[in-house]
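S.K.: First to last, the protein sequences are chains A and B.
Take any residue in the first sequence, note its place counting from 1, add 106, and you have its number in this note's numbering.
Take any residue in the second sequence, note its place counting from 1, add 106, and you have its number in this note's numbering.
Heads up, a few of these hints could be off.
If several chains are the same, the list does not tell them apart, and a pair holds so long as it fits within one copy or across any two.
What the hints assert, rightly or not - Lysine-lysine pairs mimicking DSSO-like chemistry, simulated, CA-CA at most 30 Å apart:
{"hint": "1", "residue 1": "Lys-211", "residue 2": "Lys-169"}
{"hint": "2", "residue 1": "Lys-597", "residue 2": "Lys-169"}
{"hint": "3", "residue 1": "Lys-326", "residue 2": "Lys-519"}
{"hint": "4", "residue 1": "Lys-326", "residue 2": "Lys-488"}
{"hint": "5", "residue 1": "Lys-176", "residue 2": "Lys-211"}
{"hint": "6", "residue 1": "Lys-135", "residue 2": "Lys-326"}
{"hint": "7", "residue 1": "Lys-519", "residue 2": "Lys-176"}
{"hint": "8", "residue 1": "Lys-169", "residue 2": "Lys-326"}
{"hint": "9", "residue 1": "Lys-597", "residue 2": "Lys-326"}
{"hint": "10", "residue 1": "Lys-488", "residue 2": "Lys-135"}
{"hint": "11", "residue 1": "Lys-169", "residue 2": "Lys-519"}
{"hint": "12", "residue 1": "Lys-488", "residue 2": "Lys-176"}
{"hint": "13", "residue 1": "Lys-597", "residue 2": "Lys-135"}
{"hint": "14", "residue 1": "Lys-211", "residue 2": "Lys-286"}
{"hint": "15", "residue 1": "Lys-176", "residue 2": "Lys-601"}
{"hint": "16", "residue 1": "Lys-286", "residue 2": "Lys-135"}
{"hint": "17", "residue 1": "Lys-519", "residue 2": "Lys-488"}
Note that these hints are calculated values from the structure, not bench results.
Listed below are the residues making up each chain.
2 protein chains.
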Amino acid sequence: MQERVGIIDLGSNTTRLVVIGYTPHHSFKLLDEVRETVRLAEGIGEDGQLQPGPMQRGVVAMKMFHSFCKSTGVTRIVPVATSAVRDATNQAEFLTRVVRESGLKLRVLSTEEEGYYGYLGAINALGLSDGFLIDIGGGSAEVTAIRGRGFVRSFSRPAGVVRFSERYVRSDPISNRDFKALQEAAAATFTEVGWFRDTSGTTLAGIGGTIRTLAEIDQKTRGYPLDRVHGHSFSRARLDETIDMLRGMTLRQREEVPGLSRDRADLILAGAVILQQLMEIGRFAEITVSGQGLREGLFYEQFVVGENPPLFSDMRGFSVQNLARIYNYEAIHSAKVRDLALSLFDQLRPLHGYNEWERELLGYAAMLHDIGVAVGYYDHHKHGAYLVINSALQGFSHREIVMLALLVRYHRKGDVSADEYRAVLNPSDTERVARLAALLRVAEYLERSKSQVVQGLHVELGDPIRVVTRVVGDATVEIWDANRRTGLFQKAFGKAIEIV
Amino acid sequence: MQERVGIIDLGSNTTRLVVIGYTPHHSFKLLDEVRETVRLAEGIGEDGQLQPGPMQRGVVAMKMFHSFCKSTGVTRIVPVATSAVRDATNQAEFLTRVVRESGLKLRVLSTEEEGYYGYLGAINALGLSDGFLIDIGGGSAEVTAIRGRGFVRSFSRPAGVVRFSERYVRSDPISNRDFKALQEAAAATFTEVGWFRDTSGTTLAGIGGTIRTLAEIDQKTRGYPLDRVHGHSFSRARLDETIDMLRGMTLRQREEVPGLSRDRADLILAGAVILQQLMEIGRFAEITVSGQGLREGLFYEQFVVGENPPLFSDMRGFSVQNLARIYNYEAIHSAKVRDLALSLFDQLRPLHGYNEWERELLGYAAMLHDIGVAVGYYDHHKHGAYLVINSALQGFSHREIVMLALLVRYHRKGDVSADEYRAVLNPSDTERVARLAALLRVAEYLERSKSQVVQGLHVELGDPIRVVTRVVGDATVEIWDANRRTGLFQKAFGKAIEIV
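Modelling step: build the complete structure from the supplied sequences, incorporating the hints.
M.R.: Structure representation (structure tokens):
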């Protein structure tokens, strides 16, 4: 990684610094994150003034972030502020103090800019093409309309979790009257926006801490098998259940809710209700969470060059390659394994009947199959699966990520077992993974010496199936080994295979 | 990694190529391993001749290994052969064929050299200081005596698993008469050696595939929580149980034994009995397995410079630093966290009463606490624990490795839970880890901005305990954050702590 950029986002509730290391046009990786709960919007009254305590907390956090950047080799800092500072009547006073005491010159994002960068971050990380993006912050909620991956328009309403909590969550647990007032205020926020009605057939995605937290609560309360929020979807019905649970609880009880961090326990109910009303008015049955938003959008503006807007033209392909590069994969060997596996896939279509989707996953798995060596050579198939499951792969559903991880897990040996991930997979996926892994395994052993001695192959569909290899040099060991690893193929396809 | 060395070891049963990447005097890492079961000693009769089939398999494997090295950027190849080639009456013919057909010039190790390199590999990876080292190969068994980490002497006997299996494991399952003959032959092998008797108070360690496999069977048949053979110990009683199980089984049944790979199923019984008789005659109650041996010894001869014999002077310290370097740890930040944690440890001695052992582990954990960032920033405490558990850390017991992993796991947040590893830990270790993790956590948050603003600290043992920091610059956030993370300290020590 040649460069390090520090992106600072000073919001109404929290402020974060993320440090991203990158090599331009090549690869990037999140290296550090520091989060402080500054509650900058706390106590803002009718006069719209930031209060002395919150301002002091904001200044101290900015000083700390700046010295963090200086100590950790950050070469460029991008510090931005959002609604709390944008709307403050004493904005100038605050910005001057921040410059003077921390040395950071905050760029105050307009509503449109904030929506745009959130959109850039989310669209570069999710498969979303047409739909809406929601971000519920401390001071406001932003909704952005997206069509064909393009930014259409956005609106911002002062429905933030700090503001709404102060106004409506005044008893503990919340009284029925306050709860009703909260719901009504949230609903009113969105009914006011004339164009936000026609959402049929589109998708809803969410960014920001409030929605991430709601996703974590959903996962933790139902024993979800992945520890991963990005790409997670939950239904309106599940959200309603979460709200029913939270509204009956005292603050102290909420602090014990799995997935809910202590410093959000007081704000989460307002956040959940704001989302509920948005889903109600927009008639969304489900929301998908993006772990990436504003901060990543500010990064992608620098990183994705030659595209306008700066969106990855092949997000999934880039993301797989980025992961492979981070772990120093062997490009030539991996590409040859991929080519052999895809050649088997194509020629065996009459047998499996799979489509482009499976083919794409098989190709990606081949590129990633050896990344676990970065952890340790022994058991590198298990380490590789761990890395895929815990990676920042973008543009894939959780089901796809689990399938990729299982293909990596079984590229060398073992019978496919996917029980652990039942909650994420479809019933037919165990067979699907077993079949694709069988192809990957034959391809891997045909590249045993990593020397590309097996250049290509031709499949003769008989019984047994014969794979005739095209060889340059001596492939005795490859062919012998590949024949020893056909057990999974035989189990998965119910047919013998012979490699010659 | 600047260099890549390929080490090839052509044995009687298997041959392996390991590729190790390294930066001289700095760090190293196993990058690749290829293993072929060539059974070179198969069918050797009274005339001591390698047979045509096995020779052909040996030559083909050497060709494959050589092209593997060429394709994967190996800059130097160290190819050696052991007992099968050493003892072959047609050795010259075989070596000539290998050179001509594969281009590799095998160095035939003498018994002494083989013992020496095995010793180098094992002693550089285990805590063993005085005792014996056993390696049971395909054609022979070598025993080396070690005193004060020094090589004293070794002997080699033709008690190899291929030879003994061919001679004694002739019925399926083995007949009682053959089993008895096998035991007697194994015993006779070792009683012949006059000096191998006085083993009292010393340790037995083992290297090579036979003993690794016996360790894996032990682990798999009792649900051991770690997937790690190096450093594993098992008792003579457990070995006897394993032998009782194996001797009643047919070959096909043995192939299904967890931990036993298919291509060792026919040889393992002979190997287990050879080890049993060695333990009987040497009166060893337990054996500790080294995952490193001959091949690693050949590597260390190059890597460890300035020491004679080439042994790490501080194996544990080097190994921790090697791991930290592989994952590009932040040296200055980690060292400061270590210094602060150790300063807390030292000044709180009246409270915990721990010794140098705990102090050493705490220091190592501090060096490793952030390595999980290499996998992903989010949950890097969990990733770091995974990396430690799956690392090649040398010179540590499994108990110590688990403790290091748990310290990394809990360096940021969470209440310590060690249930998963009960089988490896002592009952008091949960408290021990909680207390050490509490110190590490306070130190980590005093280094929140990674800027060394907290230079040192002084502990006042009162109620609450006061930690007075010595600060350069502004440590507002550090002190505020550290005070927020004292919950674990309070739980683990039963005392409040206040940082000022």
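S.K.: State for each hint whether it applies.
M.R.: Going through the hints against the structure:
no.: 1; hint: Lys-211 with Lys-169; result: within (11 Å within a copy, 63 Å between copies)
no.: 2; hint: Lys-597 with Lys-169; result: neither (61 Å within a copy, 32 Å between copies)
no.: 3; hint: Lys-326 with Lys-519; result: between (32 Å within a copy, 17 Å between copies)
no.: 4; hint: Lys-326 with Lys-488; result: both (24 Å within a copy, 17 Å between copies)
no.: 5; hint: Lys-176 with Lys-211; result: within (15 Å within a copy, 54 Å between copies)
no.: 6; hint: Lys-135 with Lys-326; result: within (27 Å within a copy, 37 Å between copies)
no.: 7; hint: Lys-519 with Lys-176; result: between (47 Å within a copy, 26 Å between copies)
no.: 8; hint: Lys-169 with Lys-326; result: neither (35 Å within a copy, 53 Å between copies)
no.: 9; hint: Lys-597 with Lys-326; result: between (36 Å within a copy, 25 Å between copies)
no.: 10; hint: Lys-488 with Lys-135; result: both (22 Å within a copy, 18 Å between copies)
no.: 11; hint: Lys-169 with Lys-519; result: between (52 Å within a copy, 24 Å between copies)
no.: 12; hint: Lys-488 with Lys-176; result: between (38 Å within a copy, 27 Å between copies)
no.: 13; hint: Lys-597 with Lys-135; result: neither (39 Å within a copy, 36 Å between copies)
no.: 14; hint: Lys-211 with Lys-286; result: neither (42 Å within a copy, 85 Å between copies)
no.: 15; hint: Lys-176 with Lys-601; result: neither (62 Å within a copy, 36 Å between copies)
no.: 16; hint: Lys-286 with Lys-135; result: neither (44 Å within a copy, 62 Å between copies)
no.: 17; hint: Lys-519 with Lys-488; result: both (11 Å within a copy, 26 Å between copies)
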